[in-house]
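Engineer: As a plain string of letters, each chain reads:
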Amino acid sequence: MTGFHLFVLDILAVMIIIYLYRVVRGPTVYDRVLGLNGISTKAIILLVVIGTVYGRVDMFVDISTGYALLNLVGALAIIKYLEQRGTA
Amino acid sequence: MTYSFELPLLVLLILTAGGAIVVKDLISAVIILGSYSFFLAIVWAWLGAVDVAFVEAVVGAGLATVFFLLTLFGAAPKDTLIRRTPPPIAAVIALPVLGLLLLYAADDLPAFGDLQAPASVHVSPYYLQNSLSDTQTPNVVTAVLMDYRALDTMMETAVIFTAGIACWLILRRRAS
Numbered sequence: 001m002t003g004f005h006l007f008v009l010d011i012l013a014v015m016i017i018i019y020l021y022r023v024v025r026g027p028t029v030y031d032r033v034l035g036l037n038g039i040s041t042k043a044i045i046l047l048v049v050i051g052t053v054y055g056r057v058d059m060f061v062d063i064s065t066g067y068a069l070l071n072l073v074g075a076l077a078i079i080k081y082l083e084q085r086g087t088a
Numbered sequence: 001m002t003y004s005f006e007l008p009l010l011v012l013l014i015l016t017a018g019g020a021i022v023v024k025d026l027i028s029a030v031i032i033l034g035s036y037s038f039f040l041a042i043v044w045a046w047l048g049a050v051d052v053a054f055v056e057a058v059v060g061a062g063l064a065t066v067f068f069l070l071t072l073f074g075a076a077p078k079d080t081l082i083r084r085t086p087p088p089i090a091a092v093i094a095l096p097v098l099g100l101l102l103l104y105a106a107d108d109l110p111a112f113g114d115l116q117a118p119a120s121v122h123v124s125p126y127y128l129q130n131s132l133s134d135t136q137t138p139n140v141v142t143a144v145l146m147d148y149r150a151l152d153t154m155m156e157t158a159v160i161f162t163a164g165i166a167c168w169l170i171l172r173r174r175a176s
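Keeping their order, the protein sequence lines are chains A and B.
So the first sequence is numbered by the working numbering: it starts at 1 and just counts up by one.
So the second sequence is numbered by the working numbering: it starts at 1 and just counts up by one.
Keep in mind that the hints were calculated from the coordinates and are not lab data.
Hints may be right or wrong, so weigh each one.
Derived DSSO-like pairs (lysine-lysine); straight-line CA-CA distance at most 30 angstroms [stated by the list, open to error]:
#1 Lys42/A to Lys78/B
#2 Lys24/B to Lys80/A
#3 Lys78/B to Lys24/B
#4 Lys24/B to Lys42/A
#5 Lys80/A to Lys42/A
Just the calculated beta-carbon pair ranges, DEER-fashion [unchecked claim]:
#6 Glu83/A to Gly18/B: 41 to 47 angstroms
#7 Pro138/B to Glu83/A: 47 to 53 angstroms
#8 Ile79/A to Val59/B: 20 to 26 angstroms
#9 Leu34/A to Asp114/B: 39 to 45 angstroms
#10 Asp134/B to Phe4/A: 43 to 49 angstroms
#11 Asp79/B to Val8/A: 39 to 45 angstroms
#12 Val48/A to Thr71/B: 47 to 53 angstroms
#13 Leu128/B to Val14/A: 36 to 42 angstroms
#14 Asp107/B to Leu6/A: 20 to 26 angstroms
#15 Ile45/A to Asp51/B: 18 to 24 angstroms
#16 Phe4/A to Asp51/B: 26 to 32 angstroms
#17 Ser120/B to Glu83/A: 25 to 31 angstroms
#18 Glu83/A to Ala17/B: 27 to 33 angstroms
A short, non-exhaustive set of chain A residues, derived as facing chain B with CB atoms under 10 angstroms [as the list claims (entries may be wrong)]:
#19 Ile16
#20 Arg32
#21 Leu69
#22 Leu70
#23 Leu82
Beta carbons are placed, not taken as given, at the ideal position from N, Cα and C, and that holds for glycine.
For reference, chain B alone in the conformation it holds in the complex (with noise of 0.2 angstroms):
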């Protein structure tokens, strides 16, 4: 196996990840799951997802963060501090063990950039040679967001506007 940056951002993630687990206060685990998203886009970044990671360090780093804190604003400082009971024993034994798995299945994963892979022979060639033609659309992204799963995304709009009047319901009471 060959040593690339790959290893340097897992490290990175779990450190975070066992960082926001175990610090005391709400506010530090906000502040570290900050830091935890933002190495998330520069994964996404490292394997040449640019909009993904734009869009990761916008939200995830930038508003997450903002929004938590807004809740936190709303909370008492005394229920800011986390009690922590130690986890139950199954699940101490059933994670690594779950973790384990996940890792035997990853291994018949296709290789990242693999041309033979499934889902670069079944319907994105069809998409790359037919979307211009198809939807009058120069972008191919755009042409399958918005033309071939047009219903899809229309839904997924409903969902984030769902959410979007939630925060908004929530931000407006604290405000009253």
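Looking at chain A on its own, in the form it has when it is part of the complex (with noise of 0.2 angstroms):
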């Protein structure tokens, strides 16, 4: 592992906790699901910096690619789910 790798994965957790600030502190549920969006996009980001790490890319661009996919289906779950309830 390189300096420049180490690096860019200091920079997405940063990235990641500034995400995380809204979702936990966010005053609506809105604001959670937009700031979980957030966050996968920077971690599937992060899953595929770590593959390039381990030299396995392959592998872990199968990960993010699930991941992603699934977290679309949480987050139509999600927004289902508001919009039973009506209110948020």
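Can you join these two chains into the complex? Each is in its own frame, and there are hints to help.
Structural biologist: Written out as structure tokens, the structure is:
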């Protein structure tokens, strides 16, 4: 692992923490949903960068793709729940 | 102690775990637990356990969130708010002490990737050398799971089947 990889990973972790503040403190549920979507995009990139660190990008791309698909399903489930409940 | 990427991951895990405890309604706790589960998946990927990371991302972050939400569908909106009581004094004192004891014990664990660790010298060499001739299976993990520990795996399948039946019963009652 080079210093460049570590730098990229740390920058991504800091960006995730910024989103995490909105997820934990968010006044409404919509803030939390949007924050979770932002976290998942950063985390997908994080997984691919970890893949380049280990030199096995193909496997890690599979994980990140699977997570991206499931995150879509999760977000749809949350939105469906909020729609049924009416208020947030 | 040298700096490594485990430290930011640990900070993220602690932040999400604490956040899931302090929020006021269950839907927010479900959202935060989804992100917690995904950071756990990144930890597994960082340690090189790619298959475990995949299962954690799919089951923990994806399926568990959907199942929690399906359960919330059946609950009344006023029941999804959490009224918290302050924790007992004994827990406030005893749990940090327990955490310190666990950290103290973790100091004696073998280092990550240590070739002389008990897990690396006890049965792993036997599996690596003989699994192909014993079981005719090229993948060592599959040989261990499906051949050497076949009875164990069968009972695990029974447990998962029971859990699936329980989920089906709960979700079916909601639909009727």
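Engineer: Next, verify each hint and record whether it holds.
Structural biologist: We went through each hint and held it up to the structure:
no.	hint	verdict
1	Lys42/A to Lys78/B	34 angstroms, violated
2	Lys24/B to Lys80/A	21 angstroms, holds
3	Lys78/B to Lys24/B	12 angstroms, holds
4	Lys24/B to Lys42/A	26 angstroms, holds
5	Lys80/A to Lys42/A	24 angstroms, holds
6	Glu83/A to Gly18/B: 41 to 47 angstroms	30 angstroms, violated
7	Pro138/B to Glu83/A: 47 to 53 angstroms	49 angstroms, holds
8	Ile79/A to Val59/B: 20 to 26 angstroms	21 angstroms, holds
9	Leu34/A to Asp114/B: 39 to 45 angstroms	43 angstroms, holds
10	Asp134/B to Phe4/A: 43 to 49 angstroms	45 angstroms, holds
11	Asp79/B to Val8/A: 39 to 45 angstroms	44 angstroms, holds
12	Val48/A to Thr71/B: 47 to 53 angstroms	33 angstroms, violated
13	Leu128/B to Val14/A: 36 to 42 angstroms	40 angstroms, holds
14	Asp107/B to Leu6/A: 20 to 26 angstroms	25 angstroms, holds
15	Ile45/A to Asp51/B: 18 to 24 angstroms	21 angstroms, holds
16	Phe4/A to Asp51/B: 26 to 32 angstroms	28 angstroms, holds
17	Ser120/B to Glu83/A: 25 to 31 angstroms	52 angstroms, violated
18	Glu83/A to Ala17/B: 27 to 33 angstroms	29 angstroms, holds
19	Ile16	6 angstroms, holds
20	Arg32	5 angstroms, holds
21	Leu69	8 angstroms, holds
22	Leu70	3 angstroms, holds
23	Leu82	8 angstroms, holds
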